[in-house]
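Novice: Listed below, chain by chain, are the residues.
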Amino acid sequence: MLLLRERERYARQILLFGEEGQERLKKAKVFIAGAGGLGCPIALYLAVAGVGEILLVDRDTVDRTNLNRQVLHWESDIGELKARSAEAKLREANPDIRVEALAATIDEANVRDLIAGADLIVDAMDNFPTRYLLNREALRSGIPLLHGAVRGFDGQATTIIPGRTACLECIFPEAPPGEVFPVVGTTPGIIGLIQANEAIKYVTGAGDLLSGRLLLWDGLSAKLETFAVERRLECPACGGRRGS
Amino acid sequence: MIVRVRAFARFREILGGDLALELPDGAVMAAVLAVLRDRAGGESDAIFDETGAFRSHVILMRNGKRVKRDDLYTLVLADGDEVAIFPPVAGG
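Chains as they are written, first to last, in this note's numbering: chain A, 1059 to 1302; chain B, 514 to 605.
No incorrect hints appear here.
Computed beta-carbon distance windows for the label pairs:
1) A:1061 x B:517: 52 to 58 Å
2) A:1244 x B:570: 24 to 30 Å
3) B:517 x A:1244: 27 to 33 Å
4) A:1294 x B:526: 29 to 35 Å
5) B:529 x A:1085: 45 to 51 Å
6) B:570 x A:1133: 32 to 38 Å
7) A:1185 x B:556: 21 to 27 Å
8) A:1281 x B:539: 27 to 33 Å
9) B:538 x A:1162: 57 to 63 Å
10) A:1061 x B:533: 57 to 63 Å
11) B:533 x A:1121: 42 to 48 Å
12) B:570 x A:1166: 19 to 25 Å
Only part of the chain B face toward chain A is listed, based on derived beta-carbon distances under 10 Å:
13) 523
14) 526
15) 530
16) 531
17) 569
18) 570
19) 572
20) 577
21) 578
22) 579
23) 581
24) 597
25) 602
26) 603
If you are wondering where the hints come from, they were derived from the structure by calculation, not from laboratory data.
Heads up, the beta-carbon is just placed ideally off N, CA and C, and yes, glycines get one too.
Input sequences plus hints: build the corresponding full structure.
Specialist: Written as structure tokens, this is what we have:
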């Protein structure tokens, strides 16, 4: 049941997907891997949309070079754990939801426990090795993975439904070389909000997901398009798995 | 025949965003890559390795479908085909 103040807070979106959709959001638990350029807008918009439980994990502390894009971290947070900084802002943004933020490195030893009980895994990482780990855990657990990544004015996103769609290793069999990537904050803002929008659609059942499609955003020419992506039978991560 | 090539992300900076390549009828995908390799010049090593093959993280698509590396010499292109080439981006 929604409280009166929740009906007020979410009145405009209840017009879209009804109280039933809002209650689904309230019951949802979303795991967000990373509280950086992608993770900040994702967490903020899912918090204000009323996702009932948000678990955010990030191992880093706030650095001044983060502030052009990591919009939950402010000048006064420099030196603070990103988990703590983000958690404080999210609690203030929406006191009616549960927010848990952990300062931890996601690794093979803890990924299963971190993700346990989540309805969705949101990839807001800055490196492919951890993304592949999240992908494998999504495949193992059957929990959908919302992928996003950025560089410069460019971004990509896709929604992975284990057993049904191409997985991250089907689409990107090999990681690109590592680098200190250039980026302007609007790019992770746009891609992060596409991921958050996917999360809201998945939970409420609205619309068509980015499943089986890779979205590419080209911010310099302001073009957004999607390409069909198919499963690879020889994929080492999911090739052997058929619909669950 | 004309084949349209669209490059994304860093490859757009190297190759240009939207190219129309004139190729002989019956040309295979490898012919497109040869043109792109020349066009990339000194920056071709972002896309191609020493042997001239495209790097393993590079994504190549024809009309919205992924092209496998094994098919480069057998995949015959048609007039009006659209080829997309891009590297995954990795930041967050």
